[in-house]
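The lines below spell out each chain.
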Amino acid sequence: MFLRKTVPTIIAGVCGVVVVVAYFFEIAPIKDLASHILKWQSVIAVFALGLGGVNIIRLHTKNLQRDPKNFYSLALLVTFVITIVVGLAMGQTSAAYTFIFDYINVPTGSAIFSLLAFYIGTAAYRAFRAKNAEAAILLITGCIVMLGRVPIGAKILPFTAPATDWIMSVLNVGGQRGVMIAGAIGFIAVSLRIIVGLERRAYGGE
Amino acid sequence: MSIFTQGRIFDLVTLLVVTGLMGLYMHRARSGMKVKIRPIAGFAAIDEAIGRAAEMGKPVHFTPGFGGLVAATFAGLEVLGYVARLTAQYDVRLVVTVSQAETFAVTEQVMRQAYLEAGKPEAFRPEDCRFISTDQWAYASGVIGVLYREKVASNIMIGQFAAEALILAEAGNTVGAIQIAGTTNAYQIPFFVVACDYVILGEEMFAAGAHFTNNVVHLGSLRAEDLVKAACIAIMAIGAVLTTAGANFLTTIMGK
Numbered sequence: 030m031f032l033r034k035t036v037p038t039i040i041a042g043v044c045g046v047v048v049v050v051a052y053f054f055e056i057a058p059i060k061d062l063a064s065h066i067l068k069w070q071s072v073i074a075v076f077a078l079g080l081g082g083v084n085i086i087r088l089h090t091k092n093l094q095r096d097p098k099n100f101y102s103l104a105l106l107v108t109f110v111i112t113i114v115v116g117l118a119m120g121q122t123s124a125a126y127t128f129i130f131d132y133i134n135v136p137t138g139s140a141i142f143s144l145l146a147f148y149i150g151t152a153a154y155r156a157f158r159a160k161n162a163e164a165a166i167l168l169i170t171g172c173i174v175m176l177g178r179v180p181i182g183a184k185i186l187p188f189t190a191p192a193t194d195w196i197m198s199v200l201n202v203g204g205q206r207g208v209m210i211a212g213a214i215g216f217i218a219v220s221l222r223i224i225v226g227l228e229r230r231a232y233g234g235e
Numbered sequence: 023m024s025i026f027t028q029g030r031i032f033d034l035v036t037l038l039v040v041t042g043l044m045g046l047y048m049h050r051a052r053s054g055m056k057v058k059i060r061p062i063a064g065f066a067a068i069d070e071a072i073g074r075a076a077e078m079g080k081p082v083h084f085t086p087g088f089g090g091l092v093a094a095t096f097a098g099l100e101v102l103g104y105v106a107r108l109t110a111q112y113d114v115r116l117v118v119t120v121s122q123a124e125t126f127a128v129t130e131q132v133m134r135q136a137y138l139e140a141g142k143p144e145a146f147r148p149e150d151c152r153f154i155s156t157d158q159w160a161y162a163s164g165v166i167g168v169l170y171r172e173k174v175a176s177n178i179m180i181g182q183f184a185a186e187a188l189i190l191a192e193a194g195n196t197v198g199a200i201q202i203a204g205t206t207n208a209y210q211i212p213f214f215v216v217a218c219d220y221v222i223l224g225e226e227m228f229a230a231g232a233h234f235t236n237n238v239v240h241l242g243s244l245r246a247e248d249l250v251k252a253a254c255i256a257i258m259a260i261g262a263v264l265t266t267a268g269a270n271f272l273t274t275i276m277g278k
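If you read the sequences in order, they're chains Y and Z.
If you read the first sequence in the working numbering, its first letter stands for residue 30, the second for the next number, and so on.
If you read the second sequence in the working numbering, its first letter stands for residue 23, the second for the next number, and so on.
Please note that a few of the clues may not be correct.
As the list claims (entries may be wrong) - Below 25 Å or equal to it, Euclidean Cα-Cα: the simulated PhoX-like pairs (lysine-lysine) are:
| # | chain 1 | residue 1 | chain 2 | residue 2 |
| --- | --- | --- | --- | --- |
| 1 | Y | 91 | Z | 142 |
| 2 | Z | 278 | Z | 251 |
| 3 | Y | 91 | Z | 80 |
Think of the hints as simulated: they come from the structure by calculation, not from any bench.
Can you make the complete structure from the sequences, with help from the hints?
Right, here's the structure in full:
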């Protein structure tokens, strides 16, 4: 109980206070300590990554045991092993590793990112159905902004360009800042509760 | 040479005042002060989402997002604790996907604890807490795969989300899941609003502890947060009037 609950709380509290003090005060030893803590954060994250890797291997090995024809799990395990072997044996700057990154990892990531364009279309189609007053306002505002953002729109309806500027710089920014300020206050509250050990449930405590 | 970092003195004073207020109201709440909180539709809908999954015999999916161990993720994990307890009670399978390794370790612990509290520690399946990838798009494609393959009845996404938010929400919509989402990222909230059934807006996420457990510390903290928000609005209004009138002393003080 002491090792699982109390020690993490003490570590979180001490680290939190040191980093906060280092941010506000010019005290060299505290700044050094905070810098070490931030480095340790990266080290711990690497250990956690190992834990994540084990989870991936365990899950997909089980999937394969259950269904040997599970192509996705097999593909994941094979690419996982190849990438690790190439990275460890030939180095991260080797041509083989660069090939994996530039010609497999980056294009597949870009392919998933490109899905966003289609999803924006389907989401907009649903959102722009004027089912009630709020949806109608969203539809009208959306149409004004879309027209105001392209040269031909401003040519067809000249008022859309200044209206778009007003919607984006007054209504949109006002709403976003409200969310950001309230979110920042919430961040402070959660951080304080973690530093003083009152947020143990969030990391598995009671 | 000053011991204070220049340009951060006002921030320090503000932080101390906010900390003091939070400490005071947490203490008052512990001493019996009544704090009423308004119902938040997104949190109330979680019971409905799990009930739907129980009726359909399908799993619930939860993800705390793409962020590391930041405040929004902790708020998401608070909700996860509640979701996991409820799914354990109703014998509904809960699949959790995580993108950051450090969050994965904490998430697994939160799930274990929740199943323990529900009196069903044996029902926790470690393979249902899945680390996907630290790469944003690999994480997105992994979650899409889970949503499709597991045919989830309910999709709950509460935490830190970035550009992958709409991809996940649209995938959830395509599989016909009831969707509850929440994030503090102002740029992603509109995507959740159009694609999800219920949205927990920004700071509402931080009311999770108070909403689900009536924890007095959280209730006191919420009251203090409301007071700080009111103070921020007052300072903005006064600052706008003063700056318009040509008096810059408020901005000078805040720049210290």
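Could you grab the alpha-carbon distance between residue 91 of chain Y and residue 142 of chain Z and see if it respects the 25 Å cut-off? With Cα atoms ~23 Å apart, residue 91 of chain Y and residue 142 of chain Z stay inside 25 Å; holds.
Hinted pair, alpha-carbon criterion (25 Å max): residue 278 of chain Z, residue 251 of chain Z. Please report holds or violated. 21 Å, holds
Is the hinted pair residue 91 of chain Y and residue 80 of chain Z satisfied, with a Cα-Cα distance of at most 25 Å? The hint holds at about 21 Å.
This entry satisfies every hint, going by the numbered hints stated previously.
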